[in-house]
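Protein chains: 4
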Amino acid sequence: MIIVLKPHATKEQLAHVDKLVKDRGLDTHIVEGQDMTIIGCIGDTTMIDPKLFEVNEAVDKVMHVQEPYKLANRAFHPEDSIVDVSGVKIGGDHLALIAGPCSVESYEQVLEIAQAAKASGANLLRGGAFKPRTSPYAFQGLGMEGLDILCAVREATGLPVVTELMSPNYLDVFNERVDLIQIGARNMQNFDLLKQLGQVDRPILLKRGLNATYEEWIMSAEYIMASGNENVILCERGIRTFETYTRNTLDLQSIPVLKRLTHLPVVVDPSHAGGKWWLVEPMAIAAVAAGADGLMIEVHNNPECALCDGAQSLKPKKYDMVLNSIKQIAPVVGKQV
Amino acid sequence: MIIVLKPHATKEQLAHVDKLVKDRGLDTHIVEGQDMTIIGCIGDTTMIDPKLFEVNEAVDKVMHVQEPYKLANRAFHPEDSIVDVSGVKIGGDHLALIAGPCSVESYEQVLEIAQAAKASGANLLRGGAFKPRTSPYAFQGLGMEGLDILCAVREATGLPVVTELMSPNYLDVFNERVDLIQIGARNMQNFDLLKQLGQVDRPILLKRGLNATYEEWIMSAEYIMASGNENVILCERGIRTFETYTRNTLDLQSIPVLKRLTHLPVVVDPSHAGGKWWLVEPMAIAAVAAGADGLMIEVHNNPECALCDGAQSLKPKKYDMVLNSIKQIAPVVGKQV
Amino acid sequence: MIIVLKPHATKEQLAHVDKLVKDRGLDTHIVEGQDMTIIGCIGDTTMIDPKLFEVNEAVDKVMHVQEPYKLANRAFHPEDSIVDVSGVKIGGDHLALIAGPCSVESYEQVLEIAQAAKASGANLLRGGAFKPRTSPYAFQGLGMEGLDILCAVREATGLPVVTELMSPNYLDVFNERVDLIQIGARNMQNFDLLKQLGQVDRPILLKRGLNATYEEWIMSAEYIMASGNENVILCERGIRTFETYTRNTLDLQSIPVLKRLTHLPVVVDPSHAGGKWWLVEPMAIAAVAAGADGLMIEVHNNPECALCDGAQSLKPKKYDMVLNSIKQIAPVVGKQV
Amino acid sequence: MIIVLKPHATKEQLAHVDKLVKDRGLDTHIVEGQDMTIIGCIGDTTMIDPKLFEVNEAVDKVMHVQEPYKLANRAFHPEDSIVDVSGVKIGGDHLALIAGPCSVESYEQVLEIAQAAKASGANLLRGGAFKPRTSPYAFQGLGMEGLDILCAVREATGLPVVTELMSPNYLDVFNERVDLIQIGARNMQNFDLLKQLGQVDRPILLKRGLNATYEEWIMSAEYIMASGNENVILCERGIRTFETYTRNTLDLQSIPVLKRLTHLPVVVDPSHAGGKWWLVEPMAIAAVAAGADGLMIEVHNNPECALCDGAQSLKPKKYDMVLNSIKQIAPVVGKQV
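Protein chains in written order, with UniProt numbering: chain A, 1 to 337; chain B, 1 to 337; chain C, 1 to 337; chain D, 1 to 337.
Mixed in with the good hints, there may be bad ones.
Unchecked claim - Below 25 Å or equal to it, Euclidean Cα-Cα: the simulated BS3-like pairs (lysine-lysine) are:
{"hint": "1", "chain 1": "D", "residue 1": "Lys51", "chain 2": "D", "residue 2": "Lys19"}
{"hint": "2", "chain 1": "A", "residue 1": "Lys61", "chain 2": "C", "residue 2": "Lys6"}
{"hint": "3", "chain 1": "D", "residue 1": "Lys11", "chain 2": "D", "residue 2": "Lys61"}
{"hint": "4", "chain 1": "B", "residue 1": "Lys61", "chain 2": "A", "residue 2": "Lys315"}
To be verified - If we take Cβ atoms under 7 Å as the criterion, some of the chain C residues that face chain B in the derived model are:
{"hint": "5", "residue": "Ser81"}
{"hint": "6", "residue": "Ile82"}
{"hint": "7", "residue": "Asp84"}
{"hint": "8", "residue": "Ser135"}
{"hint": "9", "residue": "Tyr137"}
{"hint": "10", "residue": "Val173"}
{"hint": "11", "residue": "Thr213"}
{"hint": "12", "residue": "Thr241"}
{"hint": "13", "residue": "Phe242"}
{"hint": "14", "residue": "Asp251"}
{"hint": "15", "residue": "Pro256"}
{"hint": "16", "residue": "Leu279"}
{"hint": "17", "residue": "Ala286"}
{"hint": "18", "residue": "Gly291"}
{"hint": "19", "residue": "Gly334"}
Claimed, not checked - Taking CB as the label site, the calculated pair distances span:
{"hint": "20", "chain 1": "A", "residue 1": "Ser227", "chain 2": "C", "residue 2": "Met321", "range": "21 to 29 Å"}
{"hint": "21", "chain 1": "B", "residue 1": "Lys19", "chain 2": "A", "residue 2": "His77", "range": "52 to 60 Å"}
{"hint": "22", "chain 1": "A", "residue 1": "Leu111", "chain 2": "B", "residue 2": "Glu57", "range": "25 to 33 Å"}
{"hint": "23", "chain 1": "A", "residue 1": "Gly228", "chain 2": "B", "residue 2": "Glu108", "range": "33 to 41 Å"}
{"hint": "24", "chain 1": "C", "residue 1": "Val337", "chain 2": "D", "residue 2": "Ser227", "range": "21 to 29 Å"}
{"hint": "25", "chain 1": "C", "residue 1": "Asp80", "chain 2": "D", "residue 2": "Cys305", "range": "37 to 45 Å"}
{"hint": "26", "chain 1": "A", "residue 1": "Lys22", "chain 2": "C", "residue 2": "Met321", "range": "52 to 60 Å"}
{"hint": "27", "chain 1": "B", "residue 1": "Ala156", "chain 2": "A", "residue 2": "Lys6", "range": "45 to 53 Å"}
Honestly, the hints are just simulated from the structure, not real lab data. All values derive from a computational prediction rather than experimental measurement. From the three backbone atoms N, C-alpha and C, an ideal C-beta is built for every residue, glycine too.
Looking at chain A on its own, in the form it has when it is part of the complex (with noise of 0.2 Å):
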């Protein structure tokens, strides 16, 4: 951490300020310049709210040189995290392909959308089950009874499942049946949702809040590992920009930024991004062409008749037709399929 003076600090205010660095047991090094003087600070400053010395008369301003996440940073773990869902390995040269429709409406709907997307190549099965809405008048999801469903074609197809878990409520249910546990990005800061997610034996894939920086995406995986859970996923899934024709703006510069700082694997949901089908296809390529770990895309038998998000769902036809072009892409870059 770096604090700097204003112009015209006194070496009283200087002496002061930095006693009370030191006083929360740093070491300090003055640097005087030309036209300021320059505090460094020496130790561990994880826990420090740089924002404590702003309050200062004399402090123009601080800056953290550190990153303020350690078990998520690829610096103390230099090697890709591998993750383990079921026995379907994610990370590394490993794709994980994560297909199904937005919302569970039956089990025949969901079988028959497995089914397809299995023979395509999808090695993972999603499916809404409990269903975040912006209007407490849509359609809020089938609940336990999608739970239920997403099981069941769980056993007939051994694809294994991803869901959201929108409530503390249902933590044990997800824990027991749910293959990997998916935290929505309106979820993302929900802080006491990450720490009892420490607590679970099953991964966790952490969508990236609409408004969430790289920094405040990687702290809330730190949240859940330091709370005891190391398996975490990270899933780019578009940010809020003043772009509006598209739902979201697809940030693929998100999986090289992510890989460097942090050691976690990366997925990309080209659906939720768009929000448009006829995006999915290229940014589902681009996604893979940047290195992604994975691909979570939605898949409808019938999108017109979808209850929620058809507009963004693939045809199991034109998934097949995606996959293709992935198995071709992917090996350039350094993956299997």
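Following the hints, position chains B, C and D against chain A.
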């Protein structure tokens, strides 16, 4: 709802989309323009997802013309709602003056701040017992002990208490002991929590999410109201933009906009928005000038030693000066202090 | 400037970076921390691009600690600058009240509006002769004819004229005939134009770009000042955010921030920011309450027939009401009307 | 265009708005819904400002259903446009591989880089002679001397030259000597300059503004096309968002979106978007995978000594590796290299 067909949509496609709409219980009215055809959908479209129709190949876009909220909508409730917080009225020409430390640290601290703030004119006491922190390593608040302190200071000063609820686990305790339950920006779309707030007797202070549109924010209020609790107060606390000099960008346009769209009171938190104490005074005055129904301001007797967010706290003396200006400005815009 | 080295940077790498810095005429001071080494660069770093050092493999990040602007910097010019626009003072405790139609349409129109606005208290006349329009097919303004009308109305009313310059081709004409030359948001980083403004005798009203940070905005003022014209007034007119209900988000925090960082007057345009006439009154009052040195408000005698932006124009009667409130608010924040 | 009236609009108000629309030469079609009435406007609404009707008290909102651009619209020009840059084709299945230094520094520098890039497969040479810089104190480019160098290197290598035009003063020189005239992000809405580009014979590379929506960007292309020059290539270079770890957020969804809305070629600049050299490789590959018609990449033989933006430049060896990957990916998405 209006469905715009693509330029070269055929008669068959038009008939197909027309049928889809009617199947959902709506009436239609078809407008054939020069270059395009439009289907006007007549009936209650609040609960229909416009995306459903966008899937259709012949559809160019779908536009909502009705607001998707009802209980919060001023169109159906033209008078200002006035919320009663244990005897303190908020809304109409009543100004809520909420003050207190970011975090509860000790009984003495809170008491001293509360007494000073009350002497200046504050009518509600704020203080964080459970703190949402970006980092798992940061101070997370005193928890239940903090709540005890707040209640004791209420006893001593008569000021009703506002504090943040982060977990459904504490719902009953908060309902029993807290006068105004705050839902933080990061939980604004924690739909599970919102639904449970409908079961509570206490009024709710709903902060705007960092990236929430007005409509999404109102929809979160609608969640609480539709679940059974109509006493909702909205709190503008800044949104995330590209500007990073300030912590967030305080959006004062939200005040007149929300007052036009809804009948709910709107309170402003200038402390969290800017993140700098010297921004609080001008922004507090401006918020009242723009028509806010209240201010939530952080006051600390020793900001330099605050356990959290000291940089944005006012000292009691400065708070007193701010309220002095407020007392002069309020009558000009029709508020009493 | 501070250069942070990567955790495992070697002695040789440190020496190499140290030399690079010294080669640019700076002194260095090395701070060896627990986990990382920092090089403090001492001397004038204003003209050094920090990215240059980021290229180096051993460098983790480079941080600027000095503001990159000088002439506009309050640190070197502690008093408020007061700009004189043909006898009307802007800055300090003087409030600029700029009013007029978005576009100049006819002599009669401008005259009627100007007379009414002056009677209400306006002291400067605005009106667009050359209009920046997103569409090549939209009305582009009356051009030179519009300028003639503005000058004629100035003759008739005594109000100095503010109007937008879009092209260097008209620089001489504007210098001769316009009292305050406005540079629009979309030209805020038209560096070629900014440099030429240094040659002009007239003061400049520099609007904030839709996505300009405070620093970039000040740097654009610095361009004009460094080229020879120190009479710059900054104009906040809203920034682009994710919120689309309003045209832009008016950032009133910019007022206290700019007054802290610079000595230049800051004027606010609430008409363009929100794009809706009913937002103008509360935002105009709020802007003055926040410390603005002036207001630029669109007034039109028949908004329904305006050739451009009628939706955000006030009728003269409403403008009169707004100024009435302003007259009551201004003294509270130390301004005279 | 669709005009939505307020819930309680009277018959007289409806008739008045209806007349206003008809006065502008449009036909109307009235749809009376359960809660609201809608006026469908039939005819060419491209040149009508929807805000005009929003002024009316009885109007709730106005929505455009037609795109406001014509010449750039794929609806009226279904085939891909292929732009010829002095013999190098861009668009269709042709990939533009533009490489070179950020700034022109010397003949030797540019020649060495151009020869290496050409050997790797580059078919166009970029280099900045006139540089748009945020700071007036930063290196502004070699100007005409830089242009001379670029032309000399074109002579030596046969690579056509791309460089940025900042001022209308140099329009004739650029038209004579530059093969592809680049308009930078900050001038994307310099409408005066855009209009003058219609007079030029050379194709234009139009960079996206940092905060430009797809529609605004296309409208800027439409400005050039409507002024007489239909040879426009669009260049995605990242947009400004809340994320500051990267310089900007590269929006690869823009590629499929623009190809759907327009017939113009779309090129991507991964160097400026991220601002970090290690982001260039994954983003360049991803851009081609997403369907880009070309890449503009900064290559420098000694990034550490570059006068500008060295941090985002690739060394020639690395550029060669990137093109190797591109050569494998391109055929999968239907492009030839």
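Outcome of the hint check:
1. D:Lys51 <-> D:Lys19: holds, 16 Å
2. A:Lys61 <-> C:Lys6: It holds: about 22 Å lies between the C-alpha atoms, which stays within 25 Å.
3. D:Lys11 <-> D:Lys61: With Cα atoms ~18 Å apart, D:Lys11 and D:Lys61 stay inside 25 Å; holds.
4. B:Lys61 <-> A:Lys315: holds, 20 Å
5. Ser81: Hint on C:Ser81: violated, closest Cβ of chain B at ~19 Å, above 7 Å.
6. Ile82: violated, 20 Å
7. Asp84: It is violated, given that the least Cβ distance between C:Asp84 and chain B is near 26 Å, above 7 Å.
8. Ser135: This interface hint is violated because 17 Å lies over the 7 Å limit.
9. Tyr137: violated, 16 Å
10. Val173: Where the cut-off is 7 Å and the nearest Cβ of chain B is about 35 Å from C:Val173, the hint is violated.
11. Thr213: holds, 6 Å
12. Thr241: Hint holds; C:Thr241 Cβ to chain B Cβ min 5 Å, cut 7 Å.
13. Phe242: holds, 6 Å
14. Asp251: Since chain B brings a Cβ to about 5 Å from C:Asp251, closer than 7 Å, the hint holds.
15. Pro256: Given a least distance of 5 Å, the restraint on C:Pro256 holds.
16. Leu279: holds, 6 Å
17. Ala286: Because about 4 Å separates C:Ala286 from the closest Cβ in chain B, which is inside the 7 Å limit, the hint holds.
18. Gly291: holds, 5 Å
19. Gly334: Violated, about 10 Å.
20. A:Ser227 <-> C:Met321: 21 to 29 Å: violated, 57 Å
21. B:Lys19 <-> A:His77: 52 to 60 Å: Given range 52 to 60 Å: holds, Cβ gap about 57 Å.
22. A:Leu111 <-> B:Glu57: 25 to 33 Å: holds, 26 Å
23. A:Gly228 <-> B:Glu108: 33 to 41 Å: holds, 36 Å
24. C:Val337 <-> D:Ser227: 21 to 29 Å: violated, 46 Å
25. C:Asp80 <-> D:Cys305: 37 to 45 Å: holds, 43 Å
26. A:Lys22 <-> C:Met321: 52 to 60 Å: Holds: the Cβ-Cβ distance is about 58 Å, inside 52 to 60 Å.
27. B:Ala156 <-> A:Lys6: 45 to 53 Å: violated, 39 Å
Violation of the numbered hints given earlier is confined to hints 5, 6, 7, 8, 9, 10, 19, 20, 24, 27; the remaining hints are satisfied by the structure.
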